[in-house]
Amino acid sequence: GNSVTQMEGPVTLSEEAFLTINCTYTATGYPSLFWYVQYPGEGLQLLLKATKADDKGSNKGFEATYRKETTSFHLEKGSVQVSDSAVYFCALQGGNKLVFGAGTILRVKS
Amino acid sequence: NAGVTQTPKFQVLKTGQSMTLQCAQDMNHEYMSWYRQDPGMGLRLIHYSVGAGITDQGEVPNGYNVSRSTTEDFPLRLLSAAPSQTSVYFCASSQAGTGVPEQYFGPGTRLTVT
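Protein chains in written order, with my numbering: chain A, 2 to 111; chain B, 400 to 513.
Take these hints with a grain of salt, some might be off.
Partial list, derived from the structure: chain A residues whose beta carbon lies under 10 Å from chain B [unchecked claim]:
#, residue
1, Gln7
2, Met8
3, Glu43
4, Cys91
5, Val100
6, Gly104
Just so you know, the hints here were simulated from the structure itself, not pulled from any lab data. On a predicted model such as this, the values are computed, not experimentally measured, just so you know. By construction, the Cβ of each residue, glycine as well, lies at the ideal position given by its N, Cα and C atoms.
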């Protein structure tokens with residue numbers, strides 16, 4: 002079946018540091034890949050997505066590239082801010098169903 | 400445009416009690432779903448619906464019932480609450496059909512079963 006594995010957190014960074022959150026997946030076929038973000042006390046929001054191999058999704062300074070050869074979709078940001086502190090979920094979609102990773106807590110210190 | 404709304408925000412139940420978590424969307428989305436979020440496990444799909452009158456089970460359906468009588472509403476019923484159902488519950492909706500529709504999430508309901 003489909004599954005997503007994310008690096009465990011929490012990840013603690015200083016402001017302006019470089020961020021990488023690793024995500025790998027197992028899937029049949031060619032799923033779409035997503036990163037969702039959950040700010041404290043809120044629901045999930047779509048951060049970025051990629052629908053086919055070598056696509057790069059980007060939003061708010063975050064980027065992730067769909068790597069079919071390594072079955073990965075790592076999230077990166079060049080310079081994090083305190084306001085980026087949240088839980089980040091990697092997910093894959095087959096049809097309308099989303100399969101989520103366990104989530105990675107990011108804490109950014111000023 | 401309210402998006403996806405959920406009520407209540409918080410609920411405490413005793414073991415064996417029943418209750419209904421409400422979910423509504425005003426975007427005319429065909430697809431609606433319920434997830435539960437537990438620490439270290441991400442979100443897991445409980446039930447989903449591809450349109451009024453059509454529902455199906457997700458990954459963890461036991462102990463939960465759903466119905467979809469209208470496009471807008473998708474309530475989740477706990478028939479006899481158990482401590483293992485302590486969790487945060489999220490409702491989501493999206494358009495159906497081809498392509499990769501974005502799923503929109505509600506703010507969640509935090510349920511504690513004692």
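Hint-by-hint comparison with the structure:
For glutamine 7 of chain A, the interface hint holds, since its Cβ comes within 10 Å of a Cβ in chain B; the closest pair sits about 8 Å apart. Because the beta carbon of methionine 8 of chain A sits about 13 Å from the nearest beta carbon in chain B, more than 10 Å, this interface hint is broken. With a least beta-carbon distance of about 6 Å to chain B, the hint placing glutamate 43 of chain A at the interface is held under the 10 Å criterion. Interface hint status for cysteine 91 of chain A: upheld, as the beta-carbon distance to the closest one in chain B is roughly 9 Å, under 10 Å.
At a threshold of 10 Å, the smallest CB-CB gap from valine 100 of chain A to chain B is about 8 Å, leaving the interface hint in force. Restraint check, glycine 104 of chain A versus chain B: the minimum CB separation of about 5 Å is within 10 Å; hint holds.
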